[in-house]
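In terms of the numbering used here, the sequence shown is residues 826 to 1390.
Don't take each hint at face value.
Below, simulated DSSO-like cross-link-like pairs (lysine-lysine); rule was C-alpha separation at most 27 Å, straight line [as the list claims (entries may be wrong)]:
{"id": "1", "residue 1": "K1131", "residue 2": "K1077"}
{"id": "2", "residue 1": "K1024", "residue 2": "K1082"}
{"id": "3", "residue 1": "K1361", "residue 2": "K1105"}
By construction, these hints were calculated from the structure, which means they are not laboratory data.
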Amino acid sequence: MASALRVWSQMEHGMKARFFRLQAVAFAMLLFGLVAGEPAHAQEGEEARRCIDLRGLAVEQGRVVAASFERVGAFRSPDKAQLPALPSFCRVVILSASEPGSRIVSELWLPLGAAWNGKLLGTGNGGFAGAIRYNVLAGGVKRGFAVANSDMGTAPAHSAAIWYEAGNGQPVMIRDWGHRATHLMTVAAKEIVRRYYGKAQRHAYFFGCSTGGHQGLSEAQRYPGDYDGILAGAPGHNRTHLHAAFNYNFQKAQATKARELPAAKANLFRTAALAHCGGKDGGAPGEPFLNAPLACRFDPARLACKSGQEASSCLTAGDVTILQSFFAGARNPRTGERIYFPFLPGSETQAAPLFGNPQSLASRAPGDLASWATDGVAASDRFDFDRDLDRLDATWGADINALDPDLSLFSGRGGKLILYHGWEDGVVSPLDSVAYFEAVRGGPLKRDRFARLYMVPGMGHCTGGPGPRPLTLEDMPDDDFPDDELLAVLDRWVEGNVPPAVLTAYAFEEGELRATRPLCAYPAVPRYMGTGSPEKAASFACVRAAPLAFEHPSPRYLFGTQGAR
826 MASALRVWSQ
836 MEHGMKARFF
846 RLQAVAFAML
856 LFGLVAGEPA
866 HAQEGEEARR
876 CIDLRGLAVE
886 QGRVVAASFE
896 RVGAFRSPDK
906 AQLPALPSFC
916 RVVILSASEP
926 GSRIVSELWL
936 PLGAAWNGKL
946 LGTGNGGFAG
956 AIRYNVLAGG
966 VKRGFAVANS
976 DMGTAPAHSA
986 AIWYEAGNGQ
996 PVMIRDWGHR
1006 ATHLMTVAAK
1016 EIVRRYYGKA
1026 QRHAYFFGCS
1036 TGGHQGLSEA
1046 QRYPGDYDGI
1056 LAGAPGHNRT
1066 HLHAAFNYNF
1076 QKAQATKARE
1086 LPAAKANLFR
1096 TAALAHCGGK
1106 DGGAPGEPFL
1116 NAPLACRFDP
1126 ARLACKSGQE
1136 ASSCLTAGDV
1146 TILQSFFAGA
1156 RNPRTGERIY
1166 FPFLPGSETQ
1176 AAPLFGNPQS
1186 LASRAPGDLA
1196 SWATDGVAAS
1206 DRFDFDRDLD
1216 RLDATWGADI
1226 NALDPDLSLF
1236 SGRGGKLILY
1246 HGWEDGVVSP
1256 LDSVAYFEAV
1266 RGGPLKRDRF
1276 ARLYMVPGMG
1286 HCTGGPGPRP
1296 LTLEDMPDDD
1306 FPDDELLAVL
1316 DRWVEGNVPP
1326 AVLTAYAFEE
1336 GELRATRPLC
1346 AYPAVPRYMG
1356 TGSPEKAASF
1366 ACVRAAPLAF
1376 EHPSPRYLFG
1386 TQGAR
């Protein structure tokens, strides 16, 4: 494996013919565990033959390096995951290169012709990717989609060399990760769909959360013709400033005596904030989460330890500093300008590990975005939020941020966008999504013709948390897809011109449905009606409300660093 990777990394752009020959096939077979021969049953039938015939197919800036016909049943992925009860499908591996030094691996799973719903689904990744996400491929092919995913050009996963080499690490990988890998995956998938089925897809959709949400917004902004509908959750699209905020919170924590916020102290604050604000913000009394956390004004200093008080029952001075900084948001220490949005009460328990864990996104590989503008692994400890952030934006803003509020080319083609974000997200501030949605050009009347935002009380980053959450491709029960699963909602909007309105969020416990709650299209908010079980959606109503008011980052840290098309 190591030798194959070394050979691959030395190939030149001008040698593309050789680039995509036997060496590339051998590389893909090594990487994905494919074997040279096909069992007899995979050679039988027209579907199997058409699948195998895809081998070697040239696509834009790439080539199919492997194709295998997978029969109905369980599939064991190269990452050792056992994916049960899959239909028969054609598995295709594509190797692409955006420029010399680029190596992007994508997979496309094609259901049999009779099972294909006529649509292509591109799917996103998390963090800095570096690997194929087989669970989303499996979910997509079970739904009848031709479904694609890529490693975003950053394999092998978690390679420190990607980010920590002097001279800003691996700029080719970073640009691929920023936007090029997703686009090349999409272009290749469309070409292969036409070849395999003999016709183009009827519609193309994209789904992703976190980095996947970032990918979705980047596609809408940079490549508005790639997808007809995009479902983007908790998008980390304000990337340079999001990671500056990681560093900011990390530095604040490291300056305290304990150099971390213990989980017990995060929970202590959460309990007190819920007692102070819960049931007064439109939610039901006694709910274990806040309905409107932006309205919760509870200073951590109220829990500060008094003389002689048991430390476990109060917040130390360091605990207070960490929490206050987290809720205040990152600022330029010289100018006072806001760099990134604050986080909100309820998100502190999810965020706490980022403050002091030396392996966290804030401080070490692969998430130390500070080292992209400065040299060395200790960059987080000395990052200057004035000078270094300007360098970071100048170096990478155009490649990795996706902040352009002008979606007119996407919407002009009939494109539809659904955003969703949990109010308890401790990784990407939920206010980031609200601000972007509000900034979309054309005002509410034009925006609402093609875009929706759903804010989810009690949900953390993409999933989890104590509250009900929307259902997506990733957490659906096998073969059971209700009408308000988000991808189904997007499909109806694109294909049937049925705009989404009130949806339903679900909470499960040990596989059993525990609670439901309405999901309201922003700026509407859920309100408990005063009677009925708080675990039933019928006890709530979506009430129209004014857009939220909060301090935004300085324009130069927001729409001044959007990615270019």
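Each hint tested on the structure:
Distance restraint check for K1131 and K1077: the Cα-Cα separation of roughly 22 Å lies within the 27 Å cut-off, and the hinted pair is therefore satisfied. For the hint linking K1024 to K1082, the alpha-carbon distance of about 64 Å lies beyond 27 Å, and the restraint is violated. In summary, the hint linking K1361 to K1105 is supported, as the alpha carbons are separated by about 19 Å, within the 27 Å threshold.
Checked against the numbered hints above, the structure violates only hint 2.
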